[in-house]
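Here is how the chains run, residue by residue.
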Amino acid sequence: MATMLLIRRFEERAGEMYARAKVGGFLHLAIGEEAAIVGSARALHEHDYLVSTYRSHGHALVRGTAPGRVMAELFGRVDGCSRGRGGSMHMFDGQRRFMGGYGIVGGNLPIAAGIALASKLKNADEVTLCTLGDGACNQGTFSETMNLAALWGLPIVFLVTNNQFGMGTSLERHSAVTELRSRGEGFGVPGWRCDGMDVADTHRVVDHAVRMARNDHRPILVEAITYRYRGHSMADPERYRTKEQVAQWRKRDPLDTFRSRLQSEGILDDDRYEALDDAARLQVEEAVQFADESPFPAPGSLYEDVYVLGDQVSGQYSFGTPQSPGDGDEQPPTEASAGEIPQQITAALQEADDASWQGAGGEPEQVEA
Amino acid sequence: MATMRYREALGEALREEMRRDERVFLMGEDIGVFGGAFKVTEGLLEEFGERRVRDTPISENTIVGMGVGAAMTGMRPVVELMTINFALLAFDQIVNHAAHIHYMFGGQARVPMVVRMPQGAGHQLGPTHSHCLEAMFLQVPGLLVAVPSTAADAKGLLKSAIRDENPVVFIEHESLYGERGEVPEAPTDHLVEFGRAAVRRQGSDVTVVGISRQARTAETAAEVLEREHGVDAEVIDPRTLRPLDLGTILASVAKTGRLVIVEEGWPHGGVGANLAALVAEQAFDSLDAPIQRVSGADVPMPYSKALEDVAYPHTRQVVEAALRALSEAPKVPAG
Numbered sequence: 001m002a003t004m005l006l007i008r009r010f011e012e013r014a015g016e017m018y019a020r021a022k023v024g025g026f027l028h029l030a031i032g033e034e035a036a037i038v039g040s041a042r043a044l045h046e047h048d049y050l051v052s053t054y055r056s057h058g059h060a061l062v063r064g065t066a067p068g069r070v071m072a073e074l075f076g077r078v079d080g081c082s083r084g085r086g087g088s089m090h091m092f093d094g095q096r097r098f099m100g101g102y103g104i105v106g107g108n109l110p111i112a113a114g115i116a117l118a119s120k121l122k123n124a125d126e127v128t129l130c131t132l133g134d135g136a137c138n139q140g141t142f143s144e145t146m147n148l149a150a151l152w153g154l155p156i157v158f159l160v161t162n163n164q165f166g167m168g169t170s171l172e173r174h175s176a177v178t179e180l181r182s183r184g185e186g187f188g189v190p191g192w193r194c195d196g197m198d199v200a201d202t203h204r205v206v207d208h209a210v211r212m213a214r215n216d217h218r219p220i221l222v223e224a225i226t227y228r229y230r231g232h233s234m235a236d237p238e239r240y241r242t243k244e245q246v247a248q249w250r251k252r253d254p255l256d257t258f259r260s261r262l263q264s265e266g267i268l269d270d271d272r273y274e275a276l277d278d279a280a281r282l283q284v285e286e287a288v289q290f291a292d293e294s295p296f297p298a299p300g301s302l303y304e305d306v307y308v309l310g311d312q313v314s315g316q317y318s319f320g321t322p323q324s325p326g327d328g329d330e331q332p333p334t335e336a337s338a339g340e341i342p343q344q345i346t347a348a349l350q351e352a353d354d355a356s357w358q359g360a361g362g363e364p365e366q367v368e369a
Numbered sequence: 370m371a372t373m374r375y376r377e378a379l380g381e382a383l384r385e386e387m388r389r390d391e392r393v394f395l396m397g398e399d400i401g402v403f404g405g406a407f408k409v410t411e412g413l414l415e416e417f418g419e420r421r422v423r424d425t426p427i428s429e430n431t432i433v434g435m436g437v438g439a440a441m442t443g444m445r446p447v448v449e450l451m452t453i454n455f456a457l458l459a460f461d462q463i464v465n466h467a468a469h470i471h472y473m474f475g476g477q478a479r480v481p482m483v484v485r486m487p488q489g490a491g492h493q494l495g496p497t498h499s500h501c502l503e504a505m506f507l508q509v510p511g512l513l514v515a516v517p518s519t520a521a522d523a524k525g526l527l528k529s530a531i532r533d534e535n536p537v538v539f540i541e542h543e544s545l546y547g548e549r550g551e552v553p554e555a556p557t558d559h560l561v562e563f564g565r566a567a568v569r570r571q572g573s574d575v576t577v578v579g580i581s582r583q584a585r586t587a588e589t590a591a592e593v594l595e596r597e598h599g600v601d602a603e604v605i606d607p608r609t610l611r612p613l614d615l616g617t618i619l620a621s622v623a624k625t626g627r628l629v630i631v632e633e634g635w636p637h638g639g640v641g642a643n644l645a646a647l648v649a650e651q652a653f654d655s656l657d658a659p660i661q662r663v664s665g666a667d668v669p670m671p672y673s674k675a676l677e678d679v680a681y682p683h684t685r686q687v688v689e690a691a692l693r694a695l696s697e698a699p700k701v702p703a704g
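Chains A and B are the protein sequences, given in the same order.
In terms of this note's numbering, the first sequence has 299 at position 299, counting the first letter as 1, and numbering is strictly consecutive.
Quick note: to get this note's numbering, add 369 to the position in the second sequence (first position is 1).
In case anyone wonders, no lab produced these hints; they're calculated from the structure.
Among the hints, erroneous ones may be present.
[Claimed, not checked] Once the Cα atoms are required to be at most 30 Å apart in a straight line, the calculated DSBU-like pairs of lysine-lysine come out as:
id, chain 1, residue 1, chain 2, residue 2
1, B, LYS624, A, LYS120
2, A, LYS122, B, LYS674
3, B, LYS674, B, LYS408
4, A, LYS22, A, LYS243
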């Protein structure tokens, strides 16, 4: 609950910071997807790997990356978890085996499979959890990776966060087969489904999948049915869906649902919930403060980390750098800016007739062991 | 020293590095049971087994991407792509991922992998199997690019590439696989350092820089220039394009005052265009004549022998280019 609250409050605040031009570029928020993130990642051991997409703030947070470092990355600061080089879409925390957010849809799949292959080659007891969106299921890498993961018996779980839209194109408009859990089956990857709005159900199903991947060395695909409340990114006018639809899903809000459940079970009362929420808000406030106080990267650091340079380097590596990289920085200083002014955020929700919408959700299905 | 073919030298490099380092493993289409499309990996499956010599499905982007993931978590993958044209299917993983991961994650992750691929025309393989695309990879910061032209360099550069902490695009040439050369053998640990050009022939009249197979063409041209024209050409093979040993080239141009660049790739935005710009920027005063570029023709590679032959450089064009460079009178020294 605490982590879901942290992600919710973090994302809300990140959205505000974007509107205030503290954050540049694209900002993809995961509000509404907290259960899918927390329920799945909590099925991992500490030494397991997590690979995410461009919607990656929550994945860094759930792995334990300090919220301040995630916010600092959004702010483009030197203390960001990718030192201000990656931004919203490219969070990373190798220490916590969060192996990155990736900005290319489907680009993370082969990498995750490669990590799982390395685990297998090393005989290490490690599972890789790779998240992807419903849109990524139509990339060539999806098919290629499913085939290879099954062919080589890799310990990997693919979590399809089916939030019903590949950017602005709804599931039934981008996929001939909308039951995404079945999309790996032709390649030999069993597909299960969980209620991505329900953290307990997500955890139950993914935990089972992770165990199976670990013990049997085989890939499993889990489709988490979920929804994002906010636009694809902050620059999304959301003309492709109705307010009613969003409101309908909000009734199944993962935080509210889980709170009610814990209350009915007598585990969490209102006071305790408020305390958790206050703590989350405080953490986020501290994160904003930390990010604000962190300096921008020095212009002279522009060429750092393009290459891993050892002792025996010669020749010109980067255009405009000295022949011997040890000669120091002589790059012309450039203005550090807070990033581009965010595109106009419009809340224009079209009242388009969307009566045909049925959703792909429905009741989550039982795990077939 | 032993005399061996370029392909055997590459195979030896793989064998030695796999023996030396457990983390090194191979992935590629038909590299195992089939023995490799160009037989570079022949015999490695027998020695190292299926675990480390992995035949893959035809999924270039994904096998390169799996190499990236494995490299990020401590392995040393060497991925073979059957031709450089197929590498275009893996451009996303090579450019957006392998090349950028170290930088975009703030230096936390490394991608010590090698992607091997052959290039080159001359076998009538037409427009999808014959190009020389080193310039496309040269453009990408984060990648190292090797273009060995001799058996010894093929071995020494590949061994260095496998040990490097950066992603290396290792470009072989199809026409060189059968070429023989003297190659240092074990127990000599034959490494060729990246970023060190080889001066194949000393000369004082004109500098000829040859890329990939064209380094060999340049040598042949230098012999013709000497024999038939009394011209003393210096031939330089950069061996790696990133890092580039510009210093050796500039020093040679300072001596000869004339530069010919020979490559098999396309002229627009090519290796020669880039090198010509660098030399013009940094050694303009050394030049006694305009830089001459000899490149592949600006066309998709045709199938017909009659057309293919005129679509990439041969000795004659290099000789002519050198003579053009020499037709300009030397500058009169100031003062």
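Taking the hints in turn, this is what the structure says about them:
As the CA atoms of LYS624/B and LYS120/A are separated by approximately 56 Å, the hinted pair breaks the 30 Å bound. For a cut-off of 30 Å, the pair hint linking LYS122/A to LYS674/B is broken: about 49 Å separates their Cα positions. The hinted pair formed by LYS674/B and LYS408/B meets the criterion: a straight-line CA distance of about 25 Å does not exceed 30 Å. The suggested pairing of LYS22/A with LYS243/A holds, with an alpha-carbon distance near 28 Å, which does not exceed 30 Å.
In this structure, the hints that do not hold are numbers 1, 2, in rising order.
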